[in-house]
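Student: Position chain B with the ligands relative to chain A; hints supplied.
Taken in order, these protein sequences are the chains called A and B. The end of the first sequence is residue 317 by my numbering, with every number in the run present. The end of the second sequence is residue 320 by my numbering, with every number in the run present.
Everything hinted at is true.
Straight-line Cα separation of at most 25 Å, BS3-like style, residue types lysine-lysine; simulated pairs:
{"#": "1", "chain 1": "B", "residue 1": "K80", "chain 2": "B", "residue 2": "K112"}
{"#": "2", "chain 1": "A", "residue 1": "K261", "chain 2": "B", "residue 2": "K196"}
{"#": "3", "chain 1": "B", "residue 1": "K112", "chain 2": "B", "residue 2": "K85"}
{"#": "4", "chain 1": "A", "residue 1": "K262", "chain 2": "B", "residue 2": "K196"}
{"#": "5", "chain 1": "B", "residue 1": "K85", "chain 2": "B", "residue 2": "K196"}
In short, the hints are calculated from the structure, not lab data.
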Amino acid sequence: MSNLLEVRDLSKRFTSAGGPFRKARSMHAVNGVTFDLPKGRVIGVVGESGCGKSTLARLILRLIEPSGGGVNFDGDDLLAKTPGQMRKLRARMQMVFQDPYSAIDPRYTLTRAVAEPFEVQGVTPAKPMAEEVADLLEMVGLNPGLATSYPHQISGGQKQRVGIARALALRPSLLVLDEPTASLDVSVQAQIIGLLEDLRAELGLTYLFISHDLSLVKYFCDEILVMYLGRVVEALPDTSAPARHPYTRTLMESTFEPDPKKRRLIAPLEGEVPSPFDLPPGCAFADRCPKASALCRSETPELSADNGHAVACHHPI
Amino acid sequence: MLSVRDLGVAFGSVQPLSGVSFTVSPGETLGIVGESGSGKSLTAMSVMGLLPLIGGRITGGTVEFDGADVTKLPERAYRKLRGGKIGLITQNPMTSLDPLQKIGPQVDDVAKLHMGMTGAEARARTVEILGTLRIPEPALICDRYPHQMSGGMKQRIVIAMALAADPDVLIADEPTTALDVTVQAQIIRLLDDLVKERNLALVLITHDMSVVAQTCDKIVVMYAGRAVEHGPVEAIFDRPRHPYTQALIACIPRGLDDATRLTGIEGTVPTVLNYPKGCPFHPRCPRAEAICAVEPPEFSVEGDSAAACHFAEVAHVQPA
Ligand SMILES: Nc1ncnc2c1ncn2[C@@H]1O[C@H](COP(=O)(O)OP(=O)(O)OP(=O)(O)O)[C@@H](O)[C@H]1O
Ligand SMILES: Nc1ncnc2c1ncn2[C@@H]1O[C@H](COP(=O)(O)OP(=O)(O)OP(=O)(O)O)[C@@H](O)[C@H]1O
Ligand code: SF4
Ligand code: SF4
Ligand SMILES: [Mg+2]
Ligand SMILES: [Mg+2]
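Next up, chain B with everything else stripped away, as it sits in the complex:
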């Protein structure tokens, strides 16, 4: 369905993203996790063909949608795809909503543009979608302005806008980060239901490992603009093979049944301007050896998982 292979992105001479690969199929949820600045949003922007807007360009790799590479598409064709077959939900609902326009017309516009519907058809569809998102009294809500709704409601409207074009793939960039836990749980449930009911392929971008554990079938772990480990979610949580994934999992407070003390990961996340040579994790890696500073590791494949570490085969130690 959506298949990204060896994606690289540059802004002028800086290369914040390289070697990112993943695939998602209908009915499947893929999680992209990583710390702030690891390249999650850039990955989403690349797939959506939005890089030119922020002055970036794809320097390598392919983004295949239904078997065809879309990175070579002219902007007009991309525009049809974007917001059509591929939908995007951004972290901050207010960036996707026009504060001066009522909710109903904003959602209607999507169906008019992408499905060629008339005003009345589009409104009927809007009301139906708002209903499936469990928004009470959808017809009345259409007459409200964004500022008259709670954060969780606004986020649902943004999801409704993405769904209005009947997408096959939905990319959700931190869709719940700004929300309270009870609202987050509802939105996550909603996305989960949509994947099952509509056979959507969902790419869920988050830095929250608990959200990933709750929802995803498989995950990609990113560090310093690279995918460092990917595989089925249970395998990665059970037996992370990349030292960074191991460290990340060890950072999660687990409350009672786990007495291990949190220590964090020493050092700081590198910025684009100082991505380390060799393995990007080597300055912070407890297992690093001389080779790590010189040679970028290849992926070591095991079953459906792969980890980019020189010592992935022997790195089976559980996080302390």
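The shape of chain A in the complex, shown without the other chains:
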């Protein structure tokens, strides 16, 4: 299987502005992330707020420039592309955002919102535009009769479908989904996930699926990357692989089963997440880790794979 996406040692540093009484400080929002996404597969990225998921997504689409590392998309080195070439490529790699409300312009009808990508790319669709838009709306399960509606006239789930229709307009091969259901009710989330499954089967799409919801990622994805403070700490080759990193274990134990017969003891978790501006030496999870040793507090563990299951920990489970 060939890789649609190859991410190598990708990093992004942000620097906070200094002031008269403050030094400028910098932090690694994404730190040395490496992975391959084969065609047709779904990789999930999980981790808690601020661990760098959205920054990773933006780096991959080159919506922001990396501080280091590279991205290869379908054989093309993205960092070597001019802005014009990049815009062309972006037709094939699209992003769906968390917030369906900000994704579409409130002044546009749905027709205009769905037709916009064609205009931006200067592409004339094969069919007349009205037909193309109707097809796209239908593809995401929206009644084409809604085409003349405005965003405020439709529900959150319908807006998210419009966001997906827009992303599909130029027939991309890769969709980066950044928490596409986080603001939706479960009933609507289930509709959107069902839709994404159908589209994947019909169009052979490849997804990078970002979420903080481990149960959802386990349900939807083939492989899982677990991030903690900018780094990938574990890469689970399939969704049933047992966690080897203590942080992944913590995440799994913090996720409740939707079944009152499977209640679990919630172990008290010591320590706080360290400030990303002020990371201690060694493993960033050491303060909260029951297995932390002196080695953990001095040396950063590297991600190393064993049978395709990679983990960055000195004392994996």
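Tutor: The following block gives chain B with the ligands in isolation, referenced to the frame of chain A:
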């Protein structure tokens, strides 16, 4: 302890809430679940006597606390109860915290107001409560401002404020929705411990069925401003009798051991302005028959559970 019967709420001529009933006893956790706009927060506001603040009023039913109907209480008496014997934790901790005031004094004020404590007594109590909430170095934390703390810490401070008045009933409106999973797990554990240690009656409002499954003894499922099913949590998860509850449970992704495909619930949640006649779920219900559009269903009781569906007796099909 707290008993709500047939509660109805109106804003002018719109009636977003009707026929909501439940009871909670000391040491018990009741979950109120339902999708966005189903009336969970309005239910909490009604019990707290806060409706006048947002221009709403109770149009029917009773809210009994320790045997007495509080809906008829004058505002002054209600104010004593609210934040006193009945505490509220809101979803967004920042709405309950004053960003310009240090943590300690904010928590002290509650004990001063509701327990008539002096400043020193109140501070001692604050430090003790922060300690039981497993906040490290509580005395030092009292000198911090809200912006110097993480989201999970702030939520604990809000819980501390609710506990400072030594309430018998605690209503928690989506207390963990804004938090990360590991922090959520800690807060849920904390609430669970409080129920047991202090014999609290806890009303936990959430849209997260997994949180309910983990913590609650019984649940109320709300849809379009009505309670559509209620009962012991195991019975409801095992054998939901209302088609809406069945659909809701089928929407939860279960990972591996469950290969069923998620399909969601067709259609959309009705808003106050277009609550359907008859059974509110009928436009989306796979079992609906002609009668459902005309006649509101009565509760059909089975054991300790009740479901408001015309076909609750025969609706034993498990979600597909
Ligand atoms: N433009 C920026 N300038 C400075 N810092 C930033 C910028 N964008 C993100 N950050 C910081 O980088 C870190 C990672 O942010 P990011 O948005 O990628 O996290 P996330 O995993 O997507 O979190 P969430 O789950 O909350 O969406 C955070 O600490 C954030 O404050
Ligand atoms: N001040 C108000 N005036 C008129 N209608 C209101 C008012 N507040 C709430 N409502 C309506 O009452 C219904 C129930 O709202 P409520 O806030 O209780 O829902 P909820 O179940 O808490 O939803 P969420 O999960 O989104 O918090 C909604 O349809 C809402 O539009
Ligand atoms: S490297 Fe050490 S501190 Fe880090 S997760 Fe592994 S055992 Fe824990
Ligand atoms: S009363 Fe009718 S519409 Fe309502 S839930 Fe039962 S079967 Fe469905
Ligand atoms: Mg993000
Ligand atoms: Mg609410």
